[in-house]
Amino acid sequence: MLDDFFIRALVAGIGVAIVTGPLGCFVIWRRLSYFGDTLSHSALLGVTLAYSMEFNIAFSVFIISSLIALTLIQLQKRTNLPGDALLGLLAHSSLAVGLVVIGFLSFIRFDIMGLLFGDILAVTVDDLLIIWIGGVLILLVLKLIWKPLFASTVNYELAEAEGLNPDRAKAIFTILMAAIIAISIKMVGLLLITGMLIIPAAMARNISSSPQKMVMYSIIGGLLSVILGLFSSLEFNTASGPSIIAASLFLFILSLLNIKQSIKLKN
Amino acid sequence: MSSNQNILVKLNEAGFSLNNKWLVRGVSLQVEKGKIVTLIGPNGSGKSTTAKIALGIYKKIDGSVEKYTNKVGYVPQKITIDWTLPLRVNDFMVLTESLNKETIDEALSLTGVIHLKDKNLGDLSGGEFQRVLLARAISKKPELLVLDEPVQGVDFTGEIALYELIKKISDELNCGILLISHDLHTVMSATDHVVCLNGHVCCSGSPIDVAKNNEYKALFGEQASQILSRYEHRHDHVHTSEGEIKKN
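In the order they appear, the protein sequences are chains U and A. The numbering used here numbers the first residue of the first sequence as 1 and each following residue consecutively. The numbering used here numbers the first residue of the second sequence as 1001 and each following residue consecutively.
Derived by calculation from the structure, the hints in this document are not laboratory data. Hints should not be assumed to be uniformly reliable.
Computed cross-link-like contacts, DSBU-like style, restricted to lysine-lysine with a CA-CA straight-line distance of at most 35 Å [as the list claims (entries may be wrong)]:
1) U:143 x A:1078
2) U:213 x A:1033
3) A:1101 x U:170
4) A:1060 x U:147
5) A:1212 x A:1078
6) U:143 x A:1067
7) A:1060 x A:1101
8) A:1101 x A:1119
9) A:1078 x U:77
10) A:1117 x A:1060
11) A:1071 x A:1119
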């Protein structure tokens, strides 16, 4: 069954959506969407290094993104530059370095469009293993740090005062962000990963009244986006990443209609 | 007095500075099981800072803090909650500890806000939210409660009831309470130890001792109506803008 490229893409996409659902909620709650962009831009460097050293792409991206995240934390401590400037600096410089390295790798044939926007044809059985094993690990770790991470998202001082160690939870969450980017890069492409994180979660915010519901709707929204997006990608021969994100945008717009209705009901 | 085993948190000459300015320093105090310690002092005297030192929120401090419990309930003076989170009162109650339904309901009933359980936190009034904050702090049955002006914005009758509740909780749970309050009547009648702060400890002791203190008399006498905001005590020192203390 996994011989069929489309089934492989579907299984991969479903795995990615289940993980991006809850992580995306935290990205919205903690206002990390630009941070997600920075990590995914730096992923290009990870990909090029993987090609040049014949190393696994997901591992290479994970390591580079984690390093960029650690660099960011250090820069925040040591400079007086505002956070968004540091994020921009890291995002664009790592993207630029990645592109320069590609220039040197002229002997390797690169599918740059596939890298930037995702390519369902490129999903192998190995990728499926990485997505599902990595995804399960990410969710397990997230479950372990859920309480301190969520409490400190609501209020840092309460979490700290009541002994939950929010700084450790934050550091672990940063690593999880690098990991989700590493496992979803083939499906969605590095330019659109943040979209996969925030759009289903944003849709879920519109229609949910509690954090648990928001996580649940965010997962469902992600799954629907992947299924809708991949079928239309197959149908219209479009890149998988943009198709999935466009589908999630469609769901987001539907959720806005829902808000209007519920306001009418209240009145 | 009591043995060391009863100490929940102890500050030794503790101080905290921000941007080269001392917010508070040289504070020594201890909170014991079943006792209520109250911090009083004018605005900007370092009461909240002292509470945050005791809680371990501020880490780069002068002096030292010894904390002997991890079961802490905290009602901060100011709390900003981001409304990008869909958060109901019920979700907020289990923020730092998982509690069963009965415990949540009991705490919310005690502070008189059980009817708000399924409401969104953002839809509460200031006083209602304050009652929820207090309910959350007591629901986990902490050993140490730190209450930073816990009844701000609560209506007059509610204020008295909540202070009675705090006293009752201290007796029933045998927990230690570090209280910051502007209500001198409560401070004097219900607490075991009073610490008067003004960037450092001005005077401290039992309410009776503090009431005998000249500095305190000046405050409690003719200026009782304007209680602490116009608190001028007879200083043997002056405070400079850098937070330095100079002897006269």
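Verification of the supplied hints:
The suggested pairing of residue 143 (chain U) with residue 1078 (chain A) holds, with an alpha-carbon distance near 29 Å, which does not exceed 35 Å. Distance hint between residue 213 (chain U) and residue 1033 (chain A) is unfulfilled; the C-alpha atoms sit about 40 Å from each other, more than 35 Å. For the hint linking residue 1101 (chain A) to residue 170 (chain U), the alpha-carbon distance of about 29 Å falls within 35 Å, and the restraint holds. Our distance criterion of 35 Å between C-alpha atoms is met by residue 1060 (chain A) and residue 147 (chain U), whose separation comes to about 25 Å.
For the given pair, residue 1212 (chain A) sits about 33 Å from residue 1078 (chain A) by alpha-carbon distance, which is consistent with the 35 Å threshold. With a C-alpha separation of about 28 Å, the suggested pair residue 143 (chain U) and residue 1067 (chain A) falls inside the 35 Å cut-off, and the hint holds. Restraint check for residue 1060 (chain A) and residue 1101 (chain A): the C-alpha separation of about 39 Å exceeds 35 Å, so the hint is violated. Only pairs whose Cα atoms come within 35 Å are accepted, and residue 1101 (chain A) paired with residue 1119 (chain A) is accepted, the gap being roughly 16 Å.
Annotation: proposed proximity of residue 1078 (chain A) to residue 77 (chain U) holds, straight-line Cα distance about 26 Å (limit 35 Å). The hinted pair formed by residue 1117 (chain A) and residue 1060 (chain A) fails the criterion: a straight-line CA distance of about 38 Å is larger than 35 Å. Restraint check for residue 1071 (chain A) and residue 1119 (chain A): satisfied, since their Cα atoms lie roughly 27 Å apart, inside the 35 Å limit.
Checked against the numbered hints above, the structure breaks hints 2, 7 and 10 and satisfies the rest.
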